[in-house]
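Chains as they are written, first to last, in this note's numbering: chain W, 1 to 128; chain X, 129 to 256; chain P, 257 to 384; chain H, 385 to 512; chain E, 513 to 640.
If you're looking for bench data, these hints aren't it; they were derived computationally from the structure.
Model, not experiment: these values are computed from the prediction.
Hints may be right or wrong, so weigh each one.
[To be verified] In silico PhoX-like pairs for lysine-lysine, Cα to Cα no more than 20 Å straight-line: (1) E:K600 with H:K472; (2) P:K315 with X:K216; (3) W:K59 with E:K571; (4) H:K443 with W:K88; (5) P:K344 with W:K88; (6) H:K443 with E:K571; (7) P:K315 with H:K443; (8) W:K88 with E:K600; (9) E:K571 with X:K216; (10) H:K472 with P:K344; (11) P:K344 with E:K571; (12) H:K472 with X:K216; (13) X:K216 with W:K88.
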Amino acid sequence: ALSLAGGASADVSDWVTLNVGGRLFTSTRGTLTRFDADSMLARMFSTESEVEWSSRVDKSGAYLIDRSPLYFEPILNYLRHGRLILDKFVNPEGVLEEAKFFGLTSLIETLEDMMEREELPDDNTPLT
Amino acid sequence: ALSLAGGASADVSDWVTLNVGGRLFTSTRGTLTRFDADSMLARMFSTESEVEWSSRVDKSGAYLIDRSPLYFEPILNYLRHGRLILDKFVNPEGVLEEAKFFGLTSLIETLEDMMEREELPDDNTPLT
Amino acid sequence: ALSLAGGASADVSDWVTLNVGGRLFTSTRGTLTRFDADSMLARMFSTESEVEWSSRVDKSGAYLIDRSPLYFEPILNYLRHGRLILDKFVNPEGVLEEAKFFGLTSLIETLEDMMEREELPDDNTPLT
Amino acid sequence: ALSLAGGASADVSDWVTLNVGGRLFTSTRGTLTRFDADSMLARMFSTESEVEWSSRVDKSGAYLIDRSPLYFEPILNYLRHGRLILDKFVNPEGVLEEAKFFGLTSLIETLEDMMEREELPDDNTPLT
Amino acid sequence: ALSLAGGASADVSDWVTLNVGGRLFTSTRGTLTRFDADSMLARMFSTESEVEWSSRVDKSGAYLIDRSPLYFEPILNYLRHGRLILDKFVNPEGVLEEAKFFGLTSLIETLEDMMEREELPDDNTPLT
């Protein structure tokens, strides 16, 4: 069967909605638990998880997360396809804070490399 | 009759709403199946399609797709009028990931060409 | 009486909501039919119009239009006050596609002029 | 008592919601009527106002205004604290059109000054 | 227990929704009261607070605040993790106005430092 859920064995119960700082994101357990088995999202949304939720759901049933929706967006895309992609106006420091909060180790390194490169003189600076 | 649905023979049942990563997009089957008959969207939304949906609909009846709404937007516009148009802040790599996911072969080539050109030194760099 | 509806003789029945690609826009018949009597919007929303709607309304009663909300926004502002105003990140080619779709002849010319000027070397390029 | 409503004597009946072109803005009568007693908003939302509304409310009770939400945002912020602040991508001409529509005389002058300064060669242009 | 609420002892009653100028933000009392005990948000949302609300809630139960949602976003992120992070297009003057309104003393200083540095000639300007 065709799947629009990214993972191979998406099941209807797989869909979850997150309320991140007031904005809704829809994804699947497969995506949220794909990388870094020790990350907060992986521990929260793995089906065998027995950890206690100290987070709660809002009236619509979305899981509440008290973080920035703006910087969560590239995090979630990374979980979907494994690449970090930022639009030109996005401050990578904002994404780094979220990667640290969620415990996404591999992403933290990628972001720190990106920020180091950005601190070097950029292409607009005439070099002599 | 006048048509605001793009395709020539738009029918009321043609309208579909997609929930892409938490954001709603409204379009028609005619648009979603226009290019690349083998693409995921074409196979999902062609009326003669007998493929099994492993995707599901949300409470409002919108088809759930676990992908980036930000980068889906130019993809959907491409399906509407056949041209790839990106705003200046958009990272074409984000759109490329979606084009690959949905299997839009013609769009992948267009994006790869665009990205090759962007890697050349840009207009701000004084050349000597 | 004071009017927040732009046109001089706004009537309560004048307000219409459009669902453009999933995003809602609220305006008045006066605005939508102001320019280019032959444009698609003018023909759709002029009160004496007898043309058949092949478009439909969504559950909230908004008229469905299968086009880009991002590039419709400056189009609608143009209909409100007669000037084309684009933010700095907006790709004018996206607005041109919408102007063509809706048949806004005067706007097409304005956009083509704008794009020609943009192709000239810009202010950042040192000229010799 | 503490007040999150800006003005000193905010009352519960002070809160109003505006539907500007399809997007909702929440503010208070105190904010909307603060400057330019002759402005359209001041005349509309001053409590002693006897002017007739030719505008109307939508289903949610929000006052309908057929203008651009994008450019209304800095206008409303100006009414909140008295300063005009634009993000870097915002075209000041868009805000000027709204300031003219609403009759905010002091803001019109501020914007025209800003636009004059922007037309001068900017910092990126090598000067000889 | 795992916590997605930032603070260590998040309780279900901790979640609050703010309606800032028409846009909803979801956060916790722990976040809103973390810094600057004298700030307006800390006084409003500390549980031992006996101050009188002159602000009110909207129909959905969200606390009404008559300020800019655009510039509140980095303020709320600062309260979440203690760092001020702005995207490249954001005008720091807009955030400064909000920091002043809410009485976030430490943030005001950070912003004023940032704006002083920005006024220096930037990297694109050839220096002689």
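- Task: Compare the structure with the hints numbered earlier in the document and write down the numbers of the violated ones, lowest to highest.
- Result: Violated: hints 2, 4, 9, 11.
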